[in-house]
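Asks: What follows is each chain in one-letter form.
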Amino acid sequence: EDQVTQSPEALRLQEGESSSLNCSYTVSGLRGLFWYRQDPGKGPEFLFTLYSAGEEKEKERLKATLTKKESFLHITAPKPEDSATYLCAVPNSGNTPLVFGKGTRLSVIA
Amino acid sequence: GAVVSQHPSWVICKSGTSVKIECRSLDFQATTMFWYRQFPKQSLMLMATSNEGSKATYEQGVEKDKFLINHASLTLSTLTVTSAHPEDSSFYICSAIRRVNEQFFGPGTRLTVL
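Going down the list, the protein sequences come from chains A and B. Residue 107 in the working numbering is what sits at position 107 of the first sequence, and the numbering runs on without skipping anything. Residue 1090 in the working numbering is what sits at position 90 of the second sequence, and the numbering runs on without skipping anything.
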């Protein structure tokens, strides 16, 4: 059973066209939900950690939000340099490795 | 953020040879590091947990005799792919934990086995 499910699998946006990526999770006792950005041929780059429902965090054109069942990564007025795969992950427990979703491949077209 | 490096960034080898990949935490000590593998257009799949001074813990289906892990110091873990075959070709990524819920990833190593 998948613990982390991301949608859509791929998203193509025009520059300036805002949208949201979804990450739903099924783990109980959430110990943090992580968002990473991964460029082709590179390791994941940390973006945000959210811990409790209602929490929001922002970084430039990105805003992450969290509910009890899912997280959204909102992208406002995206630029071509925002094109990447966005990964959502949760830890099984405490200091353990992360369980990743399959990611959303975002393409922003100028 | 914290810095984790990997070396080499890419490697091409012949089938049957062994390849060693290094993962270093450059500005913090990490008692725990993780090794992931990622196939094209797939997400990261955990291979093993590397603990400093003790044996690694491998995920189900990962051959411990094929993927040798050594975590000899608080800043270095190595993954050796022994007797590599073309099906071992993949993108190998390590991560290191600085403190609880702070996990930083290396840039990855692209392994191609001919």
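In short, the hints are calculated from the structure, not lab data. One should not assume that every hint holds.
What the hints assert, rightly or not - Chain B is nowhere near these chain A residues, computed Cβ spacing over 12 Å in every case:
| id | residue |
| --- | --- |
| 1 | GLN6 |
| 2 | GLU9 |
| 3 | GLN14 |
| 4 | LYS42 |
| 5 | LYS68 |
| 6 | ALA77 |
| 7 | ASP82 |
| 8 | ILE109 |
To be verified - With a Cα cut of at most 20 Å, we get these calculated EDC-like pairs of lysine to aspartate or glutamate:
| id | chain 1 | residue 1 | chain 2 | residue 2 |
| --- | --- | --- | --- | --- |
| 9 | A | LYS57 | A | ASP82 |
| 10 | B | LYS1041 | A | ASP82 |
| 11 | A | LYS69 | A | GLU55 |
| 12 | B | LYS1041 | B | GLU1087 |
| 13 | A | LYS79 | A | GLU60 |
| 14 | A | LYS57 | B | GLU1022 |
| 15 | B | LYS1020 | B | ASP1088 |
| 16 | B | LYS1041 | A | GLU9 |
| 17 | B | LYS1014 | B | ASP1065 |
| 18 | A | LYS59 | A | GLU17 |
| 19 | A | LYS59 | B | GLU1102 |
| 20 | A | LYS42 | A | GLU81 |
| 21 | A | LYS42 | B | GLU1063 |
| 22 | A | LYS68 | A | ASP39 |
| 23 | B | LYS1041 | B | ASP1088 |
| 24 | A | LYS59 | A | GLU15 |
| 25 | A | LYS42 | B | GLU1102 |
| 26 | A | LYS102 | A | GLU17 |
| 27 | B | LYS1041 | A | GLU15 |
| 28 | A | LYS42 | A | GLU17 |
| 29 | A | LYS102 | A | ASP82 |
| 30 | A | LYS42 | B | GLU1059 |
| 31 | B | LYS1041 | A | ASP39 |
| 32 | A | LYS79 | A | GLU55 |
| 33 | A | LYS63 | A | GLU81 |
| 34 | A | LYS79 | A | GLU17 |
| 35 | A | LYS102 | B | GLU1059 |
Computed from a predicted model, the values in this text were never measured in an experiment. Ideal placement from N, C-alpha and C gives every residue a C-beta, glycine not left out.
Asks: Hint by hint, which ones does the structure fall short of?
Replies: Hint check: 1, 2, 4, 14, 21, 22, 26, 27, 28, 30 and 32 fail, others pass.
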